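Engineer: Next come the chains, spelled out residue by residue.
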Amino acid sequence: MYVNETYLPSGEQELAALIAQAAGEKLPLEICGNRTKRNIGRPLQTATRVSTGQMRGITLYEPTELVLSAKAGTPLAEIEALLEKNNQELAFEPCHLDQLSGGEQQGGATIGGVFAVNASGPRRVLRGSARDHLIGVRAVNGMGEIVKSGGRVMKNVTGYDLARGIAGSWGTLAVLTEVTMKVLPKAEDTRSLLFLNLPDEGAVNAMCRAMGSPFEVSGTVHLPASFVERLSMPDIAKLGQPVTALRIENFASSLDYRTGRLHEALQPFGAIYELDDARSRAFWRDIRNLTFLTGSDWPLWRISTAPDKGAKLVSALKAQLECTAAYEWSGGLIWVEVPPATDSGAAVLRRIIAEFGADAMLVRANATSRAAIDVFQPLPEVNMGLIRRLKEAFDPQRILSPGRMYAGI
Amino acid sequence: MAGIAILKPRADILGKRSAIVNALKKLVPARCIVEDEAGRRAFETDALTAYKQMPLAVVLPTTTEEVSRVLSFCHLAGVRVVARGAGTSLCGGALPAEDAIVLGLSRMNRVLEVNLESRYIRVETGITNLGVSRSVAPTNFFYAPDPSSQLACTIGGNIAMNSGGAHCLKYGVTVNNVLGLKMVMMNGDIVELGGTHLDASGYDLLPLVIGSEGQMGIVTEATLRILRNAEGARPMMLGFDSSEAAGACVSAIIAQGIVPVAIEFMDKPAIKVCEEFAHAGYPLDVEALLIIEVEGSEAEIANLLGQIDRIAWDFAPKFVKRSESEAESAAIWKGRKAAFGAIGRISDYYCMDGVIPLSKLTQALSGIAEICAKHRLQVANIFHAGDGNLHPLILYNANDPDEKARAELAGEEILTLCVELGGCLTGEHGVGIEKRELMSTQFNDVDIAQQMRVKSVFDPDWLLNPGKVFPLKAQEAFLARVR
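Line by line, the protein sequences are chains A and B.
Each residue of the first sequence is one higher than the one before, counting from 493 in our numbering.
Each residue of the second sequence is one higher than the one before, counting from 1152 in our numbering.
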């Protein structure tokens, strides 16, 4: 194979042959779709690239069986447009990480990329993650073998669940060639409840209270004033104060009742403002697109924690590190922006989150910083041992995006 | 059904039985070990009762550290280990081996932590499935996966098999409801996967372990997602002249954007047996019955059932009945949930667990009827219609070896049909020994080899739950290659 070349195989067999050849030559490859997330993760040292971008097309869609299959390079936008026509959607509402870090925008995110990084958005807190909705894959492992796992039916415990195991592995275990996912009907109507100026602790309490209600709250977010300014809805962006929002989605006939009951339950937290269907959709589009995090090149961390610890964790962080924090997923997902620093704040941040049993990933930082520190959460040695052996089981020559997640893997 | 081959026990291990038992006694308190024959006999089989194997010994530890000590000794001594929850596996997943110890988790059944704000519960894995829901019921929370055996089956077993249940159409199966695990590896290492948070960065090993049928490690603790109860729930019943009409009705409901919390299907033979058992008010003159449950407030339930009623009208239902009371709802579900038991009262049965795409329902049911007629066997069909998970119950006489053999053959043909129709061998029961040899109908050699390499990541010496999941020949060939 040629070094410094981008290979764009048109099909699975061609891809498998390429990978087999690279394995024979022990030639490391950058595995990608349209490279929209190329600036996330550890910088790759590979000169040769294999993209699934030309492997496109929806291969199966059965709306009444709630299932869709597509080749890995199919643009997410194409899939969402087809689902929209049938009043369906990807319930995990993939978040647009690609907007964050100056990746390439040509062609947009691919469905393979969505599952390779397990990109889940606001609705994840109610309906589950991308990997939860992934029911089958075809993939090429690091030896150039075509492997399938799962299938096209919702329930399947036949053999090990390699499909979900590959999800979130950033192309380092296998190259996805086709993914099959569960889809769901789109809600008929949407409404949002907004609080202004809640302190973090109060906002997390309100979000937890809402999630513990029977009303199927499908999105929760708490933004600091400086992030609110970045939203695209002008009247909200101009509020100049923290905004906490809760979303409910259902049949129109249910929403009056459900918002009413939530009003009652959440009255103690402060005055509540409502967004109607159209304005709700616009607001949550911003949250899903991570608009509140764009327009800055400061280092950005994504922290995963138990929701009830979220506000305490941030307060501990703020005592030692200048930072701005936003919360999603009832307080369990925290986005933390820090001023530029050699280690992007890693030393302090990782020491503090360890006390909370949380997990942190550096989502945005310059390449020097991403090469110097652990981008993904460092793991105990016993876990690392498993991960090394797992890599070996899929990609013994370590040619699939080596080092993207962990050095040497 | 004595047709399934059992992995040959290792004579060297059998010969060292008393030394092994004595060594185990130094690792855990004596009361944790069952060594006499009568005691061990209680563990010789699971819910696939046609197969029995007397284990070397049974260890019932009470802490993760004890599990770790036992496994590290077994690792050193080369002794195989079969993990066991409540032994309710229908596929022989918990079947012991003569040269293996059974490691039972029934004594590790404590609730360790409940956190309603973050909506999780941390438990030891010997707790029953229903035990989890019951422990949070006073706070109006529940644990979603609800296999029919939930009164007896353990969370550890649910994790091993990635169990589902009637309500997973809306809430997902075990893998969708587990946040974290503590697991003891075969070498005694204790590893924690996930935690109390969602979606950690890095590789996600949870889905590899969940559903691995006890072949990767012994899970001793689990952090499970709990959910707030809906305000109310109510089933309705719809009876049709044909299974085709029932299947089309399910599709139409989903096409209208309604995903009920459960859609269960029974055919005429199943309806009759369950009605005689539970007196649920099932109609006896229909070919197919749907039980559809929706959730919400009183008004929301009435609205949703009204919509479903209108949709069903196009398919000329012969019977439409909404539950009018808690008692009626309970009776409707009792009939469905007791179906296996009710059929067990009239005959031995062999329960299948194939999955099909819903659009292939008619083909699947007529195929099943043909297969069973060919083998001169009766069949009753129960299935989770929302997700295409079929449970044909093949009736046979366990004391008639010929009929047993025919039932097993019919089962194989039915599962092969499911795969041919685009489905899979098992939706929630697992592979175990029962469907092990059929794996090659769904997967080719490359697929199976990749799975076996993942098994080796966690258990390089293949000591955990031996002789299950993969075709025996494929296992032997793989091990011969790597050794």
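Calculated directly from the structure, the hints in this document are not laboratory data.
Possibly wrong hints are sitting among the right ones.
Stated by the list, open to error - As a list, the in silico BS3-like pairs of lysine-lysine whose alpha-carbon atoms are at most 25 Å apart:
| # | chain 1 | residue 1 | chain 2 | residue 2 |
| --- | --- | --- | --- | --- |
| 1 | A | K678 | B | K1203 |
| 2 | B | K1555 | B | K1159 |
| 3 | B | K1555 | B | K1423 |
| 4 | B | K1469 | B | K1511 |
| 5 | B | K1485 | A | K640 |
| 6 | B | K1624 | A | K640 |
| 7 | B | K1511 | B | K1419 |
| 8 | B | K1321 | A | K577 |
| 9 | B | K1511 | B | K1555 |
| 10 | B | K1177 | B | K1159 |
| 11 | B | K1555 | B | K1419 |
| 12 | B | K1525 | B | K1472 |
These numbers come from a predicted model, not from an experiment.
Engineer: Decide, hint by hint, whether the structure agrees.
Structural biologist: These are the hints, each one checked on the structure:
With a C-alpha separation of about 50 Å, the suggested pairing of K678 of chain A with K1203 of chain B is violated against the 25 Å cut-off. With a CA separation close to 23 Å, the supplied pair K1555 of chain B and K1159 of chain B stays within the 25 Å bound. Among the hinted pairs, K1555 of chain B with K1423 of chain B is consistent with the structure: their alpha-carbon atoms are about 24 Å apart, no more than 25 Å. For the proposed pair K1469 of chain B and K1511 of chain B, the alpha carbon gap of about 23 Å is at most 25 Å, so the pair holds.
Simply put, K1485 of chain B and K640 of chain A have alpha-carbon atoms about 39 Å apart, too far for the 25 Å limit, and the pair is violated. Proposed proximity of K1624 of chain B and K640 of chain A is supported: the alpha carbons are some 20 Å apart, at most 25 Å. Among the hinted pairs, K1511 of chain B with K1419 of chain B is consistent with the structure: their alpha-carbon atoms are about 19 Å apart, no more than 25 Å. Distance check on the hinted pair: K1321 of chain B and K577 of chain A sit about 23 Å apart at the alpha-carbon level, within 25 Å; holds.
Annotation: proposed proximity of K1511 of chain B to K1555 of chain B is violated, straight-line Cα distance about 28 Å (limit 25 Å). Restraint check for K1177 of chain B and K1159 of chain B: the C-alpha separation of about 28 Å exceeds 25 Å, so the hint is violated. A threshold of 25 Å between alpha carbons decides the hint, and for K1555 of chain B with K1419 of chain B the separation of about 24 Å falls inside it, so the pair holds. Taken as a hint, the K1525 of chain B and K1472 of chain B pair is broken in the structure, with Cα atoms around 36 Å apart against an allowance of 25 Å.
Of the numbered hints stated above, those contradicted by the structure are hints 1, 5, 9, 10 and 12, listed in ascending order.
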